[in-house]
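As given, the protein sequences belong to chains R, C and H, one line each in that order. Just so we're aligned, residue 1 is where the first sequence starts under the working numbering, counting upward by one. Just so we're aligned, residue 1 is where the second sequence starts under the working numbering, counting upward by one. Just so we're aligned, residue 1 is where the third sequence starts under the working numbering, counting upward by one.
Since the hints were made in silico from the structure, they are not lab data. Hints are not guaranteed to be accurate.
To be verified - One side of the interface only, derived from the structure: several residues of chain H facing chain C at Cβ under 8 Å:
#1 18
#2 79
#3 148
#4 154
Even for Gly, the Cβ is constructed at its ideal location relative to N, Cα and C.
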Amino acid sequence: MPINQDEPWYKHAIIYQVHVRTFNDSNGDGIGDFRGLDEKLDYLSDLGINTIWLMPFFPSPLRDDGYDIADYYSVHSSYGTLEDFKKFLVSAHQRQIKVIIEMVLNHTSDQHPWFQESRSSQDNPRRDWYVWRNTDTGYAEARIIFLDSEMSNWAWDTVSKSYYWHRFFNHQPDLNYDNPAVRDEMWNVMKFWLELGVDGFRLDAVPYLVEREGTNCENLPETHAIIKELRRKLDEQFPGRMLLAEANQWPADLRPYFGDGDEFHMAFHFPLMPRMFMGVKLEDRKPITEILRQTPEIPASCQWCLFLRNHDELTLEMVNDVERAYMNDSYAQDKAMRLNLGIRRRLAPLLDNDRRRIELMNGMLMSLPGTPSIYYGDEIGMGDNINLGDRNGVRTPMQWSGGWNGGFSSADPEKLYAPLIQDPVYGSPAVNVLSQKRTQHSLLNWMARLIAVRKTAGAFGSGSIEFLYPGNQRILTYVRELGDQKILVVNNLSNAAQAVELDLRKYKGNILIEMFGRNIFPRVGDLPYLLTLGPYQFYWFRLRRI
Amino acid sequence: MAQESFLTDDFLGQLISVGEVDILVGVPTHNNAKTVGPIVETIQAGILKFFPRERAAIINADGGSRDGTPQLVESAAIGDAQSRSRQYALRTLRSITTEYASSPASGTALRTILAAAELLRAKACAVISPESTQITTDWLAALLRPAYADTFDLVLPTYRRHKFDGVLLTNLLYPMTRALYGLKIREPYALEYAFSGRLGSQFLAQNAWSEETARAGSEIQLTLASVTGDFRIGQTFLGTKKHVERRSADLVLAMRQTVGALFSSMGQNFSVWSGKTGSQPVPTTGTEQEFSLEPLRVNRKRLREMFSAGVAELASVFQSILSAPTLAELQRIAGLDEASFCYSGELWVKTVYEFAAAYHKSVISRDHIIQALAPLFRGRAFTFLTENRNGTAASVENNIEGLCVEFERMKPYLLKIWNGGE
Amino acid sequence: MWEMIVSELTQAMQELARGFAHILPRIIVVVIMALVGWVAAYLLKVIVRSILRLIKFDKLSENAGASQLLTKAALPSATDLVCRFVFWVAWLGFILLGVQALGIVGLQEQIAKFFLFLPRLFAALLILFFGLLGATFLSRAALLAAVNANFPSPRLLSVSVRTIIIIFVLSMAFEEVGVAEQTVVVAFGIAFGAIMLGLAIAFGTGGKELAQQFLERKVLHGRKDEAKEDELSPL
């Protein structure tokens, strides 16, 4: 077995991020649901996915795509019932697929019964569940996150005639974590879903849980204390379940979220992601190697989560101004693509539908240190629709075939929760699962192969990384090592064929075995190792000594 | 760097250019210029006939031949095959040669072939002896097809032998391997055999490449590796085995390579053989083992004389190895005249088992133990030849079967004396 | 006159006493050294015994054939023997060190010589031991080879091999220890030469035909078929 069974499962997870609404509609109402998702589990299993991350599916007014939750203990009626969810969970587990769900701890929808009660009067028992003030001057140093839609972190409530705190949209009031009742209830929420059998949570917006005067209200010690408490309870009562942090911070600021192995198990490596795009545009490895060099060591049981795209915009918060300007000029010349300090496009359009670049980026995703997460639809190269407002352009229905509604739903096209992509390049007749399954070298089949090869070596998931710095800076190359498994990864970030000489003296005597075709390459000797690569090509070599 | 690995740069370069094969045929050689040419031509013809669409390569692992053997192999593999067999070759014919050492070591030769099989990702690999001059193209099919079709992991041969040929095999190697490992393998020390890529990789990965195995006995190690692992063993009938083929008519040399390897493997694999009782038949394709009954002149008298001389002269050595009753019995029958001489099956089994136990405990130098067994074996050979002098093929087979049952029956005795006891 | 004798006597006694007092501390030193030495030697013996047990020294010496020799000479087992030997040598060494302190000139030189002698003694014993081991091994190898090649009188061959090697080893040991060096060397040379000469003569006269056949076979390939007929292929 190439993967050590003693290691935590999340070190070798291949995560598929999907919103149940977008995936498959089983009852013809134009909205994807859990029964539909259940039907497509075999597709995910064939792709090689072993973990599903579900976007929020709770009852909600859907003003922030479900991140504004109105009831934590139920399923939105459009997606099915709690029973449907339970059945889906059982089916997933039968296929050895784990399920992670969203848990929005920081805020609720303003339609949530708790907020309704809290705002009703100053004496309501739940008054203290949210953060109320009479003026809007408190916590002045906290930044505004949704710059394009909010002017302030305080909103005026006409009912209780006071201001309430919200770090995100104004209809998403922040919960008050200084209140023990809030903390207890949120644990109960988590416990409810854990008892049903979910394998972990992605905790949304964790840096903002607690606010204090005179700070920027992010990453405060009190926030970490809360997380430690949650983790402690989790380990006690539900060992083996996982907490994944969504914390868009610089690496040094992300480090505290792992604690001493007593906070989050995993966290997204936000700063790496834009730099991968940058490296490919600049044709220079510097952004990538630098950010990984600056990435601090994390506890042995912890793991980074890597991704190329997700449901949000490609955030450019964690880059400096020079870099942001470059990224906007390179990837989002149309200003309509820019949102909230980011770029709201899918993977394929960002990369000009260039198959080689898409493969290269996925190759890096699968070989850099961390657990990879694939955004639904990127495995077939789906396109986006920036005219849908906010970030909905990247949340269009999954394209299963070239037929009626792309195979997503039997409803009238006008009833779909969002229109299908229709242009001749990315539209469903051109880009869909069915035709890609029939084409031997489709992107879908390639992705399945990529994932299969990644699974043959545990070094990708839990091994160390050591960068090589050959003179040719268009080549990003590193060695992943775990035990006596050594994998050499060589990526050509440039549009042109390259030759590179690698200093592999440390691995002298090893035969290189290319991992996809398993052909042998010459053995490492004393001289620099010459490799040639086509545009955007990458190699994965296993180093073998016989 | 080449010293760290037993694969030379040149060899690796050849492997790189071959890329990937479906079938690999290995020929380990050392000064076989007289016989190897036609054998390689037959191999090539067999490949073209039975595996015309498959990617195949012949690999010659040479142990420092001085008579031009490697060059002969190469020219036979690529040059004349096509014209001689009149088969059309769809693909480029490939042949790899490497000198793995300057002096022959069958273990290293096998290891080289295994490494090639793994790096070329061969589905099936056959090893053919450069001395098997009676090889036909059918042999290739018989050996390789079961491995290639993934029916078996190890394919061992069976032959039509003369009833007196291979007495060491029929009286010691076959019954004892059968009793120990519970499988009726007729030729546990085979010179041609085939194996699947899976078994090859597994065997290569084992760290059993000591000095001892490098020199000899690796074939039986391969058999044992597949018995002890989770691999399927099958047998296939090849044809007649002529009895003057082998150079190792020297008994002691043969015993060192086979009996020595068998005894030493018992130590490592105790947990495997100690638990087995009885024996299972091994699936066999083609006809079963047969005996040919042509008359053959053998000097039996000399055998008995050497036995008696051995028992007399080696008494001091035997005292350290054998139990007192066994030794006394041997001394008794040594004194009998030719007519009444009989080295019974039971006594022989006891002798062999006590020798195995002594070998395990290293009571004296292990090589000496093997040498001391030789004169006793001659005595047993005498009895065997006498008993079957006028026998039919079936009766000979029956007698051998009887001896096998005797080995199996007395296995508890072996277990008793293995660690403690006498 | 009586007073003179008395005073002389007293003086002499005083001198004796003084001399005694002078030497007493040194004697005490010797005694202490002896005691310390006894303890140290005992510890050393225990350590050596455990080491020998660990390497199964008894078994080794059995292989060498030394054990048989020892039992014949009614000596204790090899391990015991070595341990006792170590003990006595160590203790003696300590005592001699102490004696050195006494400062008796001639004795010091001899003691030094003793300590110089020790390593050579040790070397000699090692040679003897490994020589015996080798002799047994080689004689057995010769025996087995002769039996399997159907030579006449294999046991004679084996015993002669063993004897020659033992004589050789003994001479080396003696030479190492320095006992009658020249004599032993010369005696060995004579004996060895005589044996070789004897063998040559025996072979030359008695083995004439055998040699002839051997040469014929090698040069003329005449005998091949007959040999093949005699020996059947065992595999």
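Here's how the hints hold up against the structure:
no.: 1; hint: 18; verdict: violated, 68 Å
no.: 2; hint: 79; verdict: violated, 19 Å
no.: 3; hint: 148; verdict: holds, 5 Å
no.: 4; hint: 154; verdict: holds, 5 Å
Consistency note: the structure conflicts with the earlier hints numbered 1 and 2.
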